[in-house]
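All chains should be built: construct the whole structure from the sequences, respecting the hints.
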Amino acid sequence: MAISFYYWKTKFQLSPKEEELLKFNQVQNIYVRYFDIDKKLEDPFPESPIQFDSSCIGKTITPVVFIKNRVFQGNKISTQTLAKNTLDFVHQISQLNKINTSNVIQIDCDWTDQTRSSFFEYIHQLERISKEEITTTIRLHQVKYYKKTGIPSVKEGMLMYYNMGNLSVFEGNSIYKKENAGKYIQSLENYPLPLKVALPIFSWAIHIRNNRIIGLNSNVTRLNLAENANVVLLKPNFYKVHTSHYFQGVFFRKADILKMEEVTPKDLLEMVEDLQKHLPKKPTEIVFYHLDNQTIKNYEKDIFKQVVSAF
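In terms of the numbering used here, the sequence shown is numbered consecutively and its last residue is 311.
Incorrect hints may have been included.
[Claimed, not checked] BS3-like cross-link-like pairs, simulated, lysine-lysine; straight-line CA separation at most 30 Å: (1) K183 to K148; (2) K196 to K178; (3) K147 to K98; (4) K281 to K17; (5) K183 to K98; (6) K23 to K297; (7) K235 to K177; (8) K40 to K84; (9) K68 to K23; (10) K148 to K282; (11) K196 to K148; (12) K281 to K147; (13) K183 to K68; (14) K23 to K183; (15) K196 to K282; (16) K240 to K297; (17) K277 to K144; (18) K9 to K277; (19) K144 to K155; (20) K177 to K196; (21) K68 to K40; (22) K266 to K301; (23) K266 to K254; (24) K155 to K178; (25) K17 to K266; (26) K178 to K305; (27) K39 to K147; (28) K266 to K282.
If you are wondering where the hints come from, they were derived from the structure by calculation, not from laboratory data.
In structure tokens:
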């Protein structure tokens with residue numbers, strides 16, 4: 001079973017630590033977000049295209065396009081034009097940067113039953129004109145309610161096994177919680193599309209003021225909070241600001257609360273234990289979201305092999 005990673009930044013620039021991690025885990029493929037597609041004046045428009053430095057040389061990359069669900073809402077769009085423009089831009093980026101791409105392009109969209117018709121037509125148009133295989137991401141709610149949300153016409157999907165709950169000022173973890181996963185996981189047994197699996201290795205701090213969520217910061221980690229003299233640990237995962245200050249580019253006011261959400265190595269192994277009971281077929285690849293210097297500090301480099309071996 002292959003180990004892979006998502007790379008979700010606007011510049012592809014691997015650090016020595018990231019390079020070391022890829023080599024240690026014999027990573028053959030990286031899923032790289034090429035650009036987003038959003039609505040601009042009611043028309044689909046690409047945003048935040050990736051830039052590459054020389055660290056991409058010698059890497060095999062699968063382009064990923066993140067398309068917002070609202071692109072398919074409201075006025076009907078030309079899915080044929082959108083598909084052509086998507087492929088053209090993917091190929092342009094790959095050719096310009098001399099990228100060694102895999103034979104796959106992945107489309108990431110959290111479609112709903114209201115947008116399924118338009119989104120599925122877009123996927124069909126991509127498959128019709130693309131030389132590459134088209135795959136899509138699959139959320140847990142799309143698995144459980146597939147008779148309502150439908151199944152795209154792809155040969156394979158990528159199960160996103162995270163972001164299972166709503167952000168909250170109270171206890172709980174919106175990235176992963178076994179109880180939340182349990183509401184969906186049994187549905188995998190009857191899901192007809194073969195699935196690879198994406199597991200979370202990211203964290204974030206929920207910024208709370210006056211009992212209201214006012215922000216989400218992925219640059220704030222448990223490690224750098226421990227080194228911040230302006231905050232104090234209230235209880236596990238909750239920190240209180242005792243002196244107003246700027247931190248990681250964000251202003252934190254006195255009495256603000258920071259709630260840390262993260263995924264531990266124990267959580268990852270627990271996910272695998274549950275998934276293998278319900279996936280009808282063993283996945284051929286596990287992809288970790290996402291590769292980042294801050295993220296990988298939270299894990300021993302062999303945890304990824306441990307996770308794959310546990311399947």
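Given hint K297 paired with K240 - CA-CA distance at most 30 Å: holds (23 Å)
Hint consistency between K40 and K84 [alpha-carbon to alpha-carbon, up to 30 Å]: holds (18 Å)
Pair hint outcome, K144 versus K155 [Cα-Cα no greater than 30 Å]: Judged against 30 Å, a Cα distance of about 19 Å means the pair holds.
Distance restraint between K68 and K40, which requires alpha-carbon spacing of 30 Å or less: holds (12 Å)
Distance restraint between K196 and K282, which requires alpha-carbon spacing of 30 Å or less: holds (8 Å)
Restraint check for K68 with K23, where alpha carbons must lie at most 30 Å apart: violated (33 Å)
Pair hint outcome, K266 versus K254 [Cα-Cα no greater than 30 Å]: violated (34 Å)
Holds or violated: K23 to K183, with C-alpha atoms at most 30 Å apart: Distance ~37 Å between K23 and K183 Cα, so the pair is violated.
Hinted pair K266 and K282, Cα distance within 30 Å: holds (21 Å)
Pairwise hint evaluation, K148 against K196, where the allowed Cα distance is 30 Å at most: The hint holds at about 22 Å.
Pair hint K177 and K196, alpha-carbon separation not exceeding 30 Å: holds (20 Å)
Proposed proximity, K17 with K281 (alpha carbon, max 30 Å): violated (33 Å)
Figure legend: structure checked against the earlier numbered hints; hints not met, in rising order: 3, 4, 5, 9, 14, 18, 23.
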